[in-house]
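Residue numbers (numbering that gives the first Met the number 0), protein chains in the order written: chain A, 0 to 527; chain B, 0 to 527.
Careful, some of the hints might be misleading.
Copies of the same chain look alike in the list, so a pair counts if it fits in one copy or across any two.
[What the hints assert, rightly or not] Dumping the calculated BS3-like pairs for lysine-lysine here, alpha-carbon to alpha-carbon at most 25 Å: (1) K292 to K202; (2) K224 to K479; (3) K305 to K189; (4) K483 to K450; (5) K49 to K250; (6) K292 to K403; (7) K184 to K194; (8) K311 to K202; (9) K184 to K202; (10) K194 to K250; (11) K189 to K202; (12) K224 to K373; (13) K108 to K194; (14) K483 to K224; (15) K311 to K49; (16) K302 to K354; (17) K224 to K403; (18) K250 to K184.
These aren't lab readings, by the way, just hints derived from the structure by calculation. Predicted model, so just to flag it, every value in this text is computed and none were measured.
There are 2 protein chains.
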Amino acid sequence: MTDSTAPSRRDLLTMIGKVGGAAAMYQAMTALGHAAETQFTGPPVLTGAKPGASVVILGAGLAGMAAAYELQKAGYSVKILEFQDRPGGRNYSLRGGDSFTESDGTVQKVQFAPGNYLNPGPWRIPHHHKALLHYCRQFGVALEPFIQLNHNGFIHSSEAFGGKPMRYKEVATDFKGHTSELLAKAISAKALDDKLSAEDQEKLMEALRGWGVLDKNMAYTSSLKVSAQRGYDQAPGGGRNGAPTPSQIAKLQDVLDPQVWTAMSFYFSYVMQTTMFQPVGGMDMIGKAFAKKIGKIVTYNAKAVKVAQSDKGVTVSYKDVASGQMHDVSADYCVCTIPLSIISQVDMQVSPALKAAMKAVPYGGHVKIGLEFKRRFWEEDDNIYGGHSFTDQSITQLSYPNDKMFGRGPAVLLGAFARDLAGFQLAGMTPQQRIETALAQGEVFHPQYRKEYMNGVSVPWSRVPWILGCTSAWSEDNRKAHYKNLVTLDNRVVLAGEHASYYGGWMEGSILSGIDAITQIHERTQAA
Amino acid sequence: MTDSTAPSRRDLLTMIGKVGGAAAMYQAMTALGHAAETQFTGPPVLTGAKPGASVVILGAGLAGMAAAYELQKAGYSVKILEFQDRPGGRNYSLRGGDSFTESDGTVQKVQFAPGNYLNPGPWRIPHHHKALLHYCRQFGVALEPFIQLNHNGFIHSSEAFGGKPMRYKEVATDFKGHTSELLAKAISAKALDDKLSAEDQEKLMEALRGWGVLDKNMAYTSSLKVSAQRGYDQAPGGGRNGAPTPSQIAKLQDVLDPQVWTAMSFYFSYVMQTTMFQPVGGMDMIGKAFAKKIGKIVTYNAKAVKVAQSDKGVTVSYKDVASGQMHDVSADYCVCTIPLSIISQVDMQVSPALKAAMKAVPYGGHVKIGLEFKRRFWEEDDNIYGGHSFTDQSITQLSYPNDKMFGRGPAVLLGAFARDLAGFQLAGMTPQQRIETALAQGEVFHPQYRKEYMNGVSVPWSRVPWILGCTSAWSEDNRKAHYKNLVTLDNRVVLAGEHASYYGGWMEGSILSGIDAITQIHERTQAA
Numbered sequence: 000m001t002d003s004t005a006p007s008r009r010d011l012l013t014m015i016g017k018v019g020g021a022a023a024m025y026q027a028m029t030a031l032g033h034a035a036e037t038q039f040t041g042p043p044v045l046t047g048a049k050p051g052a053s054v055v056i057l058g059a060g061l062a063g064m065a066a067a068y069e070l071q072k073a074g075y076s077v078k079i080l081e082f083q084d085r086p087g088g089r090n091y092s093l094r095g096g097d098s099f100t101e102s103d104g105t106v107q108k109v110q111f112a113p114g115n116y117l118n119p120g121p122w123r124i125p126h127h128h129k130a131l132l133h134y135c136r137q138f139g140v141a142l143e144p145f146i147q148l149n150h151n152g153f154i155h156s157s158e159a160f161g162g163k164p165m166r167y168k169e170v171a172t173d174f175k176g177h178t179s180e181l182l183a184k185a186i187s188a189k190a191l192d193d194k195l196s197a198e199d200q201e202k203l204m205e206a207l208r209g210w211g212v213l214d215k216n217m218a219y220t221s222s223l224k225v226s227a228q229r230g231y232d233q234a235p236g237g238g239r240n241g242a243p244t245p246s247q248i249a250k251l252q253d254v255l256d257p258q259v260w261t262a263m264s265f266y267f268s269y270v271m272q273t274t275m276f277q278p279v280g281g282m283d284m285i286g287k288a289f290a291k292k293i294g295k296i297v298t299y300n301a302k303a304v305k306v307a308q309s310d311k312g313v314t315v316s317y318k319d320v321a322s323g324q325m326h327d328v329s330a331d332y333c334v335c336t337i338p339l340s341i342i343s344q345v346d347m348q349v350s351p352a353l354k355a356a357m358k359a360v361p362y363g364g365h366v367k368i369g370l371e372f373k374r375r376f377w378e379e380d381d382n383i384y385g386g387h388s389f390t391d392q393s394i395t396q397l398s399y400p401n402d403k404m405f406g407r408g409p410a411v412l413l414g415a416f417a418r419d420l421a422g423f424q425l426a427g428m429t430p431q432q433r434i435e436t437a438l439a440q441g442e443v444f445h446p447q448y449r450k451e452y453m454n455g456v457s458v459p460w461s462r463v464p465w466i467l468g469c470t471s472a473w474s475e476d477n478r479k480a481h482y483k484n485l486v487t488l489d490n491r492v493v494l495a496g497e498h499a500s501y502y503g504g505w506m507e508g509s510i511l512s513g514i515d516a517i518t519q520i521h522e523r524t525q526a527a
Numbered sequence: 000m001t002d003s004t005a006p007s008r009r010d011l012l013t014m015i016g017k018v019g020g021a022a023a024m025y026q027a028m029t030a031l032g033h034a035a036e037t038q039f040t041g042p043p044v045l046t047g048a049k050p051g052a053s054v055v056i057l058g059a060g061l062a063g064m065a066a067a068y069e070l071q072k073a074g075y076s077v078k079i080l081e082f083q084d085r086p087g088g089r090n091y092s093l094r095g096g097d098s099f100t101e102s103d104g105t106v107q108k109v110q111f112a113p114g115n116y117l118n119p120g121p122w123r124i125p126h127h128h129k130a131l132l133h134y135c136r137q138f139g140v141a142l143e144p145f146i147q148l149n150h151n152g153f154i155h156s157s158e159a160f161g162g163k164p165m166r167y168k169e170v171a172t173d174f175k176g177h178t179s180e181l182l183a184k185a186i187s188a189k190a191l192d193d194k195l196s197a198e199d200q201e202k203l204m205e206a207l208r209g210w211g212v213l214d215k216n217m218a219y220t221s222s223l224k225v226s227a228q229r230g231y232d233q234a235p236g237g238g239r240n241g242a243p244t245p246s247q248i249a250k251l252q253d254v255l256d257p258q259v260w261t262a263m264s265f266y267f268s269y270v271m272q273t274t275m276f277q278p279v280g281g282m283d284m285i286g287k288a289f290a291k292k293i294g295k296i297v298t299y300n301a302k303a304v305k306v307a308q309s310d311k312g313v314t315v316s317y318k319d320v321a322s323g324q325m326h327d328v329s330a331d332y333c334v335c336t337i338p339l340s341i342i343s344q345v346d347m348q349v350s351p352a353l354k355a356a357m358k359a360v361p362y363g364g365h366v367k368i369g370l371e372f373k374r375r376f377w378e379e380d381d382n383i384y385g386g387h388s389f390t391d392q393s394i395t396q397l398s399y400p401n402d403k404m405f406g407r408g409p410a411v412l413l414g415a416f417a418r419d420l421a422g423f424q425l426a427g428m429t430p431q432q433r434i435e436t437a438l439a440q441g442e443v444f445h446p447q448y449r450k451e452y453m454n455g456v457s458v459p460w461s462r463v464p465w466i467l468g469c470t471s472a473w474s475e476d477n478r479k480a481h482y483k484n485l486v487t488l489d490n491r492v493v494l495a496g497e498h499a500s501y502y503g504g505w506m507e508g509s510i511l512s513g514i515d516a517i518t519q520i521h522e523r524t525q526a527a
């Protein structure tokens with residue numbers, strides 16, 4: 000590798016000590032002892048399954064299919080009943096040619112160009128969701144980065160900056176600058192002498208000067224140095240006119256607007272932190288990969304009507320929604336992943352405690368709107384590649400596509416991701432009204448909207464017939480009263496799904512709950 | 000698209016007003032008036048080139064090739080002389096089978112597995128470097144995201160946290176928590192009553208409570224809410240053991256360590272902000288694409304020795320480094336992109352002012368070390384996908400590969416990116432000593448280092464024979480005294496390159512300076 004003469008190892012260690020300081024000698028061989036990233040330490044080990052032991056699973060979403068996959072591997076006989084005509088559940092994607100029918104019969108036909116899609120349900124995968132990532136890797140689901148924090152995305156508040164959208168970099172730099180100046184002033188005024196030693200005050204002042212980009216008077220003022228974070232009026236260039244000019248900082252009053260710190264906080268959230276991923280080609284690549292792996296054990300168009308159990312086993316009665324005919328399936332155990340928002344439609348023979356838990360959890364009513372535009376003007380005109388823009392309007396946010404960046408031709412932007420009141424307002428509109436609202440509100444960011452718009456589709460989860468809600472929304476009190484009952488094997492029936500986890504709304508929660516459900520079943524069979 | 004009855008447009012606007020509040024009515028059709036992102040508004044328009052007008056360009060880096068490409072398009076006759084046997088200059092990549100020879104003759108043979116590479120020079124492209132992105136798009140250079148901010152990367156300081164590396168999310172959350180608590184205390188103590196109105200104080204307290212994740216006493220304490228940003232001791236899961244447990248916050252004294260706020264500030268830097276990109280397959284894809292576009296106008300292995308000019312034209316004398324023979328090339332004008340660190344080796348017939356400018360600018364001595372490991376343990380064991388870890392040791396940082404994430408097999412990690420003193424220390428070692436230093440210091444983050452290490456290569460730019468430095472390092476005083484002289488057409492010779500820009504060390508600066516250089520030549524020909 001080299002034709003130089005190597006020094007002895009002892010020489011090297013001495014030199015490394017000199018070059019790297021004490022830290023270089025730090026012995027890192029012991030466990031670093033950081034916070035655990037996940038509860039997933041590998042697929043469950045279910046050894047010793049009894050020959051012929053059987054499990055019927057209700058729902059071919061990720062919880063059900065992960066449970067089926069691992070049960071099959073362990074030697075169990077598994078069947079899945081699925082209400083829809085496809086696997087994946089909320090893990091799905093809408094593409095051109097697809098239809099979406101709401102609970103009142105309203106039909107939308109998706110008109111996206113080939114290759115474009117909307118992920119109405121889950122759409123991003125945190126780097127620490129190791130169970131999900133494990134199966135993606137194992138099943139060969141190709142992943143690509145999902146750009147989360149984009150410093151060049153917009154923040155819009157109707158109450159600040161004169162209603163003008165600002166770039167994230169502008170408001171985030173100004174927020175830290177102004178607050179750093181205020182804290183520095185308080186220290187100078189000796190207001191924190193009883194809280195901070197002289198040495199800590201000195202270190203903190205130095206930190207505030209650097210972090211806040213304060214000037215020599217410890218004030219946050221417009222300058223080229225500040226512009227090197229928040230952006231310039233004229234950016235640096237080459238040749239004769241290369242010199243940059245500074246931009247003007249925003250006023251403290253504006254950056255105190257809640258939109259600023261809530262947007263900044265969003266990116267700090269554990270489940271929203273970088274690096275994130277999405278499957279190449281649409282989220283349903285994951286559901287399809289699971290379905291392929293588990294094989295032909297799924298009966299589609301099967302609406303579970305009754306779950307009866309005894310000491311001997313479980314019998315599920317279901318209706319074939321095409322023919323209307325009733326059928327029964329019997330097994331030793333049942334994993335039920337039917338969302339709690341519609342489980343009341345099933346006659347479940349379970350304990351009163353589990354019944355109470357099943358009724359206790361409300362569901363969110365998120366709305367997503369996908370808008371297809373003729374070109375990627377957010378990239379070409381506005382230098383925004385992936386990430387989000389936030390607003391206090393009901394559309395709540397825009398999210399820019401993370402695939403095929405720099406591409407030419409039509410692209411789909413997420414034109415709304417509304418929750419709570421805003422979600423119910425949008426859900427109450429016709430599809431056309433929702434699109435019109437998304438266009439009218441989104442124009443605040445992108446005046447190109449009307450000119451470039453082609454078509455769109457909206458998915459109000461409260462009106463999706465097979466779930467009538469988006470994801471479980473546990474309160475702290477509900478957790479205390481009902482969570483344990485909800486997730487514990489009830490004689491021969493156990494629930495699974497994102498609602499049976501502390502990761503509500505995340506695919507990781509579904510999979511981890513599915514694994515725990517079958518672990519309980521397996522433990523019971525081993526104990527019996 | 001829908002079978003619902005559409006409301007009138009006026010109804011819609013009324014409804015949108017109600018749903019979105021005043022902001023929905025905000026008229027965004029006027030220019031939003033944000034800070035300009037770039038000086039590049041499209042390729043130069045050089046109409047009316049005189050038939051037969053000729054330009055000789057010294058150097059087939061990005062500045063020279065961008066100049067050549069646009070000159071050719073405009074009708075000029077162009078030749079390039081390049082010292083090396085390849086195009087691209089600092090835009091290059093090292094792969095298995097390549098050799099790298101230092102100025103003292105030390106040779107390293109790169110042993111990376113097929114498909115792996117190190118970008119010794121430029122390695123990332125900001126979203127606002129529109130000139131570079133324009134050519135990448137036009138020439139079909141495929142780009143992929145370069146993960147910059149990774150909340151799960153490490154921060155290591157020998158002076159804090161007992162020398163233990165911390166995750167970015169841990170220290171960044173703790174820094175904002177502790178400083179928010181301090182500022183809240185100062186406000187409560189009425190220390191800022193003369194600076195802030197009562198209303199602003201109220202808004203700020205609310206912001207600090209949310210942004211700092213303070214408890215009901217406005218204190219920053221360990222809790223599940225705080226763990227939902229900095230990470231948990233036990234992460235949330237599914238089923239029976241799904242409940243998370245909180246992690247312990249770090250002490251104020253530790254998070255005041257300069258490593259914390261300098262790392263946080265790094266990610267705020269305008270040129271470091273997300274979204275960033277890299278070419279798929281190595282940075283040299285860009286240089287190769289330019290070379291392909293400009294065609295066979297480059298004479299390689301041509302060492303410029305003298306640049307003579309008169310009122311009639313320019314004559315460049317160069318030596319064919321293979322044969323040793325001297326040749327002359329004459330043209331109407333000359334664009335010289337030879338780095339200032341080696342331009343003294345050329346007898347340049349230019350004005351004293353330009354000569355002084357050429358001598359005025361020092362160059363950095365960055366060192367990069369690429370380490371190939373048997374597997375991606377940073378992904379598999381440590382949940383780090385792309386991004387950086389920072390340390391106060393001389394390796395300065397690790398950077399994790401952004402390509403082929405989740406891949407199996409060997410991968411190359413950037414094991415050092417050292418500047419200034421640390422750069423010169425590493426440059427002074429043998430290649431083997433550099434690797435040993437990188438392994439010993441990098442072990443602080445990754446105890447897997449020794450077990451997984453395969454091979455490595457180091458590039459100390461101060462010892463790269465064709466440049467003897469990394470990038471120009473203008474001081475403010477030098478800029479005032481010399482920049483204008485350096486970039487202005489000197490009779491028939493004009494300089495270009497990153498050193499002739501306000502984007503020192505960035506490919507964008509090279510290209511923009513090349514464009515300005517030929518714009519000056521074109522203007523002169525039009526005036527003549």
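Numbered hints the structure breaks, given as an ascending list
As far as the earlier hints go, 1, 3, 4, 5, 8, 12, 13 and 17 are violated by this structure, in ascending order.
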